[in-house]
Amino acid sequence: GQQLNQSPQSMFIQEGEDVSMNCTSSSIFNTWLWYKQDPGEGPVLLIALYKAGELTSNGRLTAQFGITRKDSFLNISASIPSDVGIYFCAGPTNRDDKIIFGKGTRLHILP
Amino acid sequence: ETGVTQTPRHLVMGMTNKKSLKCEQHLGHNAMYWYKQSAKKPLELMFVYSLEERVENNSVPSRFSPECPNSSHLFLHLHTLQPEDSALYLCASSQDSWGGYGYTFGSGTRLTVV
Numbered sequence: 001g002q003q004l005n006q007s008p009q010s011m012f013i014q015e016g017e018d019v020s021m022n023c024t025s026s027s028i029f030n031t032w033l034w035y036k037q038d039p040g041e042g043p044v045l046l047i048a049l050y051k052a053g054e055l056t057s058n059g060r061l062t063a064q065f066g067i068t069r070k071d072s073f074l075n076i077s078a079s080i081p082s083d084v085g086i087y088f089c090a091g092p093t094n095r096d097d098k099i100i101f102g103k104g105t106r107l108h109i110l111p
Numbered sequence: 001e002t003g004v005t006q007t008p009r010h011l012v013m014g015m016t017n018k019k020s021l022k023c024e025q026h027l028g029h030n031a032m033y034w035y036k037q038s039a040k041k042p043l044e045l046m047f048v049y050s051l052e053e054r055v056e057n058n059s060v061p062s063r064f065s066p067e068c069p070n071s072s073h074l075f076l077h078l079h080t081l082q083p084e085d086s087a088l089y090l091c092a093s094s095q096d097s098w099g100g101y102g103y104t105f106g107s108g109t110r111l112t113v114v
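Chains as they are written, first to last, in this note's numbering: chain A, 1 to 111; chain B, 1 to 114.
All clues stand as given, with none of them false.
With a straight-line cut-off of 20 Å between C-alpha atoms, the simulated EDC-like cross-links for lysine to aspartate or glutamate are: (1) B:LYS40 with A:GLU41; (2) B:LYS36 with A:ASP97; (3) A:LYS98 with B:GLU52.
These are calculated hints, taken from the structure and not from any lab test. Every value quoted in this text rests on a predicted model; they were computed, and no experiment measured them.
Bound conformation, chain B alone:
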């Protein structure tokens, strides 16, 4: 039990589909993050939310759209993806937006775009 739950664990979608990834944490954390993990690359920070407000978007293409309705839930809406978007998408949370205490990660969603 990591405290951060991601669903679904696996997702296969076509390039014209629309899907959403869900992340939920009940740790009382105030900051949540989306990371992308591709083979042989460092984890890439995509989005940061602090107190439900987006504070950073690391130049992510608009086909990825985050939503944070409250401090416990985070979504990543996907549409018109490309095959190179296939990766493991990790959600994480932290007490506040300072990273020094580390983030708690979910198990990830393995996304395959066909």
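Extracted from the complex, chain A is given alone in its bound form:
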């Protein structure tokens, strides 16, 4: 079945640094979703992408829908402590439109 591969698995950065993470698949997705999960909470939708090449921002977050439709990228600029958490990419499968998730990228911010 379709799978989503996220990298890196975890990141340790200094406050104020920019962050980049990506999500890839061997099959095409027509929609890419990026979620963030805070400790002890459920995932919250950050950005949704619907068109190849699309670049969408939400505050300091910017996500891109890859041209090949097999990847997507999320960037966070000028990181702050509340950016800590797990970032998931997700998308509806071609088979049944149900959302599948990657394993996530865990972001840590060093004091």
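For chain A, the structure is supplied; the task is to place chain B on it using the hints.
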């Protein structure tokens, strides 16, 4: 306020116990879902309900039994669980069964089976 409320937030149960997880949404959504989140694994879809009818069961063991009495409420009944069932159980809802607009998740129930 996420719009999807799950209770309890934490649950510890023995392997012979029977318990239920509850999920409630007042977003006017027509589809509801149960996901299981284990460490170092992707979120696993367990059950899907659309307009109160179960449309998918991803080969989940029968010790997990869902119930959707109306479009606002979803339950997960648990019995004779195993320690490996310990996980965060997340409920989600969406406007309809197409996932492209994303799901709204609850805060989850942290389940520990002892």
